[in-house]
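J.: Residue numbers (the working numbering), protein chains in the order written: chain A, 1 to 775; chain B, 776 to 1057.
Calculated from the structure, these hints are not laboratory results. What you are looking at is a predicted structure, and each value in this text was computed from that prediction instead of being measured. Each residue gets a CB set at the ideal place from its N, CA and C atoms; glycine is no exception. Do not rely on the hints blindly, as some may be mistaken.
Chain B regions said to be covered by chain A (calculated; three or more residues, Cβ under 8 Å) [said to hold, decoys possible]:
no., region
1, 951-962
2, 1028-1038
3, 1041-1047
Computed far set for chain B versus chain A, every beta-carbon distance over 12 Å [to be verified]:
no., residue
4, P781
5, E783
6, G800
7, Y826
8, E829
9, E840
10, G841
11, S857
12, P945
13, A1004
14, R1007
15, A1025
16, L1052
17, E1056
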Amino acid sequence: MEELKVAEETRVVGQAVPRLDAEAKVKGEARYADDLAFPGMLYGKAIRSPVPHARIKRLDLSKVAAHPGVACVVSPADIPGENVVPVIYRDMPLLAAEVVRYVGEPVALLAAETREAAYRAAELAEVEYEELPAVFDPLEAVKSDAPQVAVPEAAETGNVFNHMVIRKGDVARGFAEADEIVEGEYRVGYQEHVYIEPQGVIAVPEAGGMAIYGTLQCPFYVQNAVAAVLGLPLSKVRVVQTATGGGFGGKEDVPSQLAAMAAVLAWKSRRPVKVVYDREEDIATTSKRHPAVIRYRTGAKRDGRLVAVEVEFYYNAGAYQTLSSAVLWRGLIHAAGPYRIPNVKVDGYSVATNTVPCGAFRGFGSPQVIFAHESQMDELAVRLGMDPLELRERNALRVGDRTATDQLLEESVGLMDAIERARELSGWERLRREAEEFNRREPFRRRGIGVSTVMYGVGMGAKAPLLDKAGAYVKVEADGSVTVAVGNTEMGQGALTVLAQIAAEALGVRVEDVQLAPVDTSRVPDSGPTVASRTTTVAGAAVLDAARKIRARIEAAAREVLGADAVEIADSKVWPAGGDSGRAVPLSEVTRWMWVHNWDMGATGWAQGAPVDWDPETGLGKAYFVYAYACHIAEVEVDLLTGEAKVRRFWAVHDSGKIVNPALARGQVAGGVAQGIGYTLMEYLPSLEGRIEGTLMTYRIPTAPDMPEELVIDFVEAPYSDGPYGAKGIGEVPLMASHAAVANAISHAVGARLTEYPALPERVFALARNKTHPR
Amino acid sequence: MKKTGPVEIVKPKDLGEAIAFVRKGGMPLAGGTDAFVRIRKGFWDPPFLVYIGELPELREVEIREGGAEVGAAVTHAELLRSEVPRRLPIFRLVLEKLGAPAIREMGTIGGNVANASPAGDTLIPLYLLEARVNLVGPDGERSLAIEEFVLGPGKTALREGELIVSFWIPFPEGDPVPYFHKVGRRRALYIAVLSLGALLWLEGDVIREMRLALGAVAPTVVRPREVEAKLRGRRLSHEDLEPLCAELSAATSSITDIRGPDWYRREAAGRLLLGLLRLREA
Ligand SMILES: Cc1cc2nc3c(=O)[nH]c(=O)nc-3n(C[C@H](O)[C@H](O)[C@H](O)COP(=O)(O)OP(=O)(O)OC[C@H]3O[C@@H](n4cnc5c(N)ncnc54)[C@H](O)[C@@H]3O)c2cc1C
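So that you can see chain A by itself, here it is in the shape it has in the complex:
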């Protein structure tokens, strides 16, 4: 990667190439998990706890086993390997054997000939529970007299799974120097992924091992989990990704649980077993964005310069660790925002409660703290009598600045450019003025303009630096077409297309000549998880590494074939360097020659994220190898009679380095804006005594009319020297930025601070009438 040139001329990278998977999906040819069937296949189902916290006194599955159509039942004793769903810790059992810790926790499994039989049989289990005191609120769970939820080995103290800190400078001194101090407490509830395809896997016994087919983001996590529960070597477990209808983080760790269930049933029954959730089971029992309480204090000088930030935040992790430590860490690092602040103190806690384990969701612990820091910035602007965009400009990180973790930013900081572009595109001053005029004119409608600026650490970061690696395999075929294999997954985000563009660019072939191999852990290199907006940056670098090796061989062969000292290759054609490209020969002539002369046609590539280094004691250090930035501006209209809010117009400007595919990047941004609008305005999933009941009729995500009538998307490209062609990540950033702009616009519109998501009509109604209503 070292000789990488940034901003070099590119032919394929930077083009809005149509998605390679589009045609199969549009024609209905893509095969999703539930589309697959295998001879003799059974339908697996979990028997789940109806209570939030209890000791299991008795488990009797005889009536389940006797139900017509039931082929197999599994209790904890039937698990051939370890009773665990390994994620970061190993505290979560596949089946609760002694104690259940949340409503919906699996206690046993069954497999039946039909789906209906499986549903009916699941209700026949006789399980005797001795209920234990339960706790659902993280602020209650940290109290010394709270019931113990966390498995002690997995917790730092009591129910605190993890407590992480940042200690930079001296906040006491910082606040003493401040001319203005603002303070607030912010709350958010769950956010559910609502990937269009619910969770689903099929386990198929094969050759002394197990094959898993499923909708998933991280095939190598699944392989690891299945090997653990079956007690098999990794090489005997093969995981094949089926066409995947969305993930958003929800298919990072959860497929490991489904696959382990299906695998144990398939192992015992010696038949293929499908486990596919319906929407209700999916919403009730799988991971979501962590609910949070965030207490925030910000101090600034009269000129707007931030001098101190103090944050204390609590994430409701649910009953088991799963990914919470990593989610908390990202929240910690992002808690202070994209600003230059000399004194920073952050305390983040992830807390065990008797609720469903939360996990990864686009933004991964950062949206919650972003709601807080961006609300604080606006409060501060009001207090200082300063324009909120200007306040951000005064504090925005630039090259040469140090982050909240004291990391020196040496390159690729496009935040100021993003802010300037957003200011220009939106006509910020005019926009604010027009809103004020509208509000003076209108008796029952209020418009507000909100802004948010964010930074995003690309990749796994210093909490899990060892995971930021990727392998790739690139093979040129005899006819000049190309096969690329990586372990990263397409889930709708366009990763396949972007990686194909990178390969095509490096090899000098047309993008339609590049094919990505299906993801099968026995055939593709481990490229690490498809998370953390890392695929373009890290897997892209691995593809580039492999492609460059092949390119060198092709050039060597071409020199022989053409009898030239040097050659040029583009669009799958080859010609002598400096010569007439009109006289080029097809690349296939060269590759055919290579094949005939027994040349090695394939190469592996490898990439690792640039080194990071962070000290858990002080919370200081190089947390991520590079950051992406964004500035979003929202115009919202609130109906004061009802509290309904509608986003009218929206401007989103991103720095994600070089944009490999502008159409796909725009798609990511538009989707992130929609998801952010949903998070702020409507997505509401109450939990009553740990019981979550949601359907798509009650859990509302935005529809097309909820999108702004005008959505302007633009990119400022601050290239990253270690990224392929200068690319950084984009996937998560749009969601991170959008919700806070909407929240700030609502507060601006009604003239009172929104401190809790979602801003349901009744909350905005109460806010606008300046009263708080009972929770």
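Could you slot chain B with the ligand onto chain A? The hints should help.
T.: What follows is chain B with the ligand alone, placed relative to chain A:
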């Protein structure tokens, strides 16, 4: 989370056979947008379904002297495309907010009324226009005022074996101005948290006559007749309407459910009266 298995559907050859099937315990099935959701969830477990969606008597829209006759199995989309919204523009305002295109293509007005949800959107214009429900059953035909037909959430005056054949929707005198505001947590595909529909007969900015219907704030759609009476003779102005907001709130008997809290429904219902002022802009 019980799931019901397959359910048999019969398709009667005519209305007589349909009534016979329903009398035997079959559940009428029109668009299925309510029925299938509930059956799949296990809330309803009918012995079998009687598909009435193509019976000619239930499929007609006819404009007659003095009113429109709308078949029970006419879909929301068909009604929207028919002559009815041109004559009764309140229907356009309401139907355009009902569900989303796919639901409007499948769901029927008869199914919406038989379902008797206090949030059922088509009930608002039917209450405002004082429609009648034409029924046919083993004992012959009868006709009920809409307010006598709907008894409570999911409860109607339908007798065993009876079907809704059509609705008689009288044209009101003059040219009342329609108003409809459906409050929800998003812009499409939502059930009303509350709604207010109105017909106003205006002389200049004076309200000569007025009808109001509130949705989702009581066990059935409500016509707050006392408020209507007090509005007569008032101006369409903030000063004249504002004092009646509290009375409109008082006409509700809201509950808290997954879609919203009672206090909000009550208060917002009152405030929505001021929404009528927006008619001045138009
Ligand atoms: C996604 C979604 C969104 C929706 N949005 C809305 C909305 O915005 N507003 C709204 O009001 N509703 C909404 N609904 C509910 C539903 O679509 C409507 O109530 C629809 O009008 C029902 O009509 P149907 O023909 O589908 O009824 P069906 O499901 O076929 O039947 C419903 C009930 O009515 C009975 N029935 C049907 N026809 C007759 C008849 N002729 N005589 C006697 N009984 C009969 C059936 O036996 C059954 O009990 C929504 C539903 C869904 C699934």
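J.: Which of the stated hints cannot be reconciled with the structure, identified by number in ascending sequence?
T.: Numbers 4, 16, 17 - these are the hints that the structure violates, sorted from lowest upward.
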